[in-house]
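*Asks:* Make a model of the complete structure from these sequences and hints.
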Amino acid sequence: MSLTDLTLARAREGLRKKEFSARELTEAHLAAIEALNPQLNAFVTVTHELAGAAADDADRALARGEGGALAGIPLAIKDLFCTEGVRTTAASRILENFVPPYESTVTAKLKASGAVFLGKTNLDEFAMGSSNMTSAFGAVTNPWQRGGDPAALVPGGSSGGSAASVAARLALAATGTDTGGSIRQPAAFCGIAGIKPTYGRCSRYGIIAFASSLDQAGPMARTVEDCAILLGAMAGFDPKDSTSADRPVPDFAAACGRGISGLRIGVPLEYAAPGVSGEIAALWERGRAWLRAAGAELVEISLPHTKQALPTYYIVAPAEASSNLARYDGVRFGRREEGGDLTELYEATRAAGFGDEVKRRILIGTYVLSAGYYDAYYLRAQKIRTLILRDFQRAFETCDAILTPTAPTAAFAQGEKMDDPVTMYLNDIYTVPASLAGLPAISVPAGLDPEGLPLGLQVIGRPFDEETVFAVADKIEKAAGFSALPALRAGA
Amino acid sequence: MSYTIDGKTGPWELVIGLEVHAQVISRAKLFSGAATVFGGAPNSQVSFIDAAFPGMLPVINRECVAQAVRTGLGLNAEIHLESRFDRKNYFYADLPAGYQISQYQHPIVGRGVIEIELADGEVRQIGITRLHLEQDAGKSLHDQHPTKSYIDLNRAGVALMEIVSEPDLRSPEEAGAYLRKLRTVLRYLGTCDGNMDEGSMRADVNVSVRKSGEPFRTRCEVKNVNSVRFVMQAIEAEARRQIAVWEEGGTVLQETRLFEPARGITRSMRNKEDAHDYRYFPDPDLLPLKLDPAWVEALRADLPELPDAKKQRFMAEYGLPAYDAGVLVAEQASADYFEAVARGREGRFAANWVIGDLFAALNRTGRTIETSPVAPGALGELLDLVADGTINGRIAKDVFEDMVESGEAPAEIVARKNLRQVTDTGAIESAVASVLAANADKVAEYKSGKEKLFGFFVGQVMKAMAGKGNPALVNDVLRRHLA
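First to last, the sequence lines map onto chains B and W.
Going by this note's numbering, the letters in the first sequence line up with residues 1 to 492, in that order.
Going by this note's numbering, the letters in the second sequence line up with residues 1 to 483, in that order.
If you are wondering where the hints come from, they were derived from the structure by calculation, not from laboratory data.
Some hints could be false.
[To be verified] Okay, the calculated bits of chain W under chain B, using three or more residues with CB under 8 Å as the criterion:
1) 11–18
2) 41–55
3) 92–104
4) 441–448
Even glycine gets a Cβ: it sits at the ideal position worked out from N, Cα and C.
*Replies:* Below you can see the structure in the form of structure tokens.
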């Protein structure tokens, strides 16, 4: 088996047993990047030298019988995490040459546990998108192809570069961020696992903000267990983030092995709304059967405000974004376009620095917060958000976890769904409710559509109960026995 | 009689409310660890949070919250155990994030009251609407370069308390008294240094005028006035402008104005139409601020004695008249100085010396009470020398002037200059005898009924004794000789 095909868990074992070195493992992945990134465009920055040095550090630590939980594990980092001394762009022209003088808490924790960063992965500009088409550095290509058709598909978004790099074996695992589905939907599109933990589980310090009340970092990997291992190293209280939760980090990896016998799995009626494709409905039905077979009890639940979730999300997220992105003004850092006066400087800088989707969301956000519209849009959206949270609280009185599809379709082709932004926004229909409620939710690869593209199932848990989410996801993963491989991958 | 301004159509009343921005005394900024010292080199006290770098997050500074609570308690105001931070969005070069974190809908402190005393002794209660915490912006410097503006972010993110009064003030004098009282309270509490020159206290003034008995008319806001005197001038200038507008048949428009001290007028800054839409919304980076009631009570228990209470105590404990007590408590340092002098001595005597001789000397030498050339202990010793009869009151004034000049202890000055009071009746007898002998004509006049001349004789005797005679003994001896 090639080094790039290993799971994170297996690679960790191999490193400990000296079957191979961190240097070899890292070189194998750098070579894969070299070979495939020109096609995939998954990385916007590759840090060969830093990766080599980190791998050598890990080898020395491992040789002493030391080394943290991720010593020598090559990871891809979404280019939304600030990395000290390494360009961090948010896939935007406005930060094209921005080199942060500080490290995000999540990446600092990963470094401290010995991880090797291969580079920074592509994403939708400022994490705004579901296709990775809005990146200033060009689209990312999904390593998967429709049976026999080499047309480039989208990897999903916004963590499309991370998802594609993990699926194509350019990295053992990656970090992502999820605001309305940005980890789960690309994970589903690329046939990998990805979890958005509970809001507050991972520190947001040093992650470039999109919508602060929704943004959460999370892991993306080829197995549920790998996600659990990686999340264990990313999570934890951070006094530098006022919204981070001061509670202990459980052993997520151990939770994967928990039985689910007697566990009540909720199936929300509203997610079976007309419009769900036959193949998605069938996949969902298979998921229910697998969990029943594993001893779980399936219960119908109702989340009555599901329909309002998407419009609510597309008010709350742009509102926060419009304010969060005001700092990109050309005055202190990032791109600057000179102007005759301050207003011209702002206008020229932001016109040149931001892409269309970012501009669109800033406009929407500014609109919904303006005097005269605030009550009708922002305030009402906040009220509905509370109702959505209450829906979940009620549902969790009768169930322990919720099973849904991750996305309404498999990956679509680059250029598709581009005419009308609303069609694109519909991709988030199953992922957004858990985001608004701040709940942990994972996507697990569970099957293929008739054209051979991966599909994912989503498991949503109670706040800070990632353990149950991992346990249920692990059973789906085992039952699904997902072993299909993408067309574009290292060694293929 | 209430204050009015006479226009062509008769008297007009003023309605005034003040929004005071008071810079919180704290080592670090409201949401970052950067220092807050005034006068640092430009951009030397700026964290990545203050400069709003990507991914940076605010974390509330506990001490700033404590200062706001202390201030609220000092203003007899309700403390809100839960408050919230909002973003006030607008673009400006010295506002790095493009928004100011402030408390819009749910301030940390609610209604309170402040008592002001006017020159005629009238006491008025002025309502406080609210106090909230917010970040200061940076500073734009437009005079450093012919075409560019420079930005100094040292001040960006420093904690401010915005203290909003009810429209309860009715004259420039009341507004001045309110500001001075507020400043005194803040200084006592140690929550703001009240230094208007350095901009650590600034006022926005809301002014409207009306005829007696009318409801409120439209108000204008005069922004950023930076001294008590200018506040009073700005109010009068703005009121006169509004009166003129109304009396010419016009309508006062709600707008923001600036006061130009040099010309004594206010001018329009921006009107309602091009007012900013600040798009306030709750800051998603910060959780609601929840205070533990026990923590608030602990802060309350630790509050210093405030000026109103101290004034009452000075009147009760030292027998001071209200005016003297008021003068002494206006500054914590004066009150402390007085108490150091008065402790164990006669209070009114001590107050007269502090308010009279000491304050005059400070004025003359350009010193403050903190840098007084005469320490309270030394002044106390001087008072003791008078009280125990070592020197008389007249000589004490000279000794005090010498103390201001030389910094020497009063006893040493008395010894060096040989100023001890003469109580030897023999010496007084002989001085009296020679004065009376030299002024036989005046003695005759006195005896024929011109008793006012007694003072003349006292003066002559004291002069003959170089001022050192014991005044009571001199009087006794003179009376005996003239009888």
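*Asks:* Please check whether the stretch 441–448 of chain W has three or more residues whose CB lies within less than 8 Å of a CB on chain B.
*Replies:* violated (count 0)
*Asks:* Three residues or more, CB to CB closer than 8 Å: is that satisfied between the stretch 11–18 of chain W and chain B?
*Replies:* violated (count 0)
*Asks:* Between the stretch 92–104 of chain W and chain B, see if three or more residues pass the 8 Å beta-carbon test, and mark the coverage as holds or violated.
*Replies:* As far as the stretch 92–104 of chain W goes, the hint holds, because 6 residues have Cβ atoms under 8 Å from chain B.
*Asks:* Closer than 8 Å, Cβ to Cβ, for at least three residues: run that test on the stretch 41–55 of chain W against chain B and report holds or violated.
*Replies:* holds (count 6)
When the structure is compared with the earlier hints, violations turn up for hints 1 and 4 and for no others.
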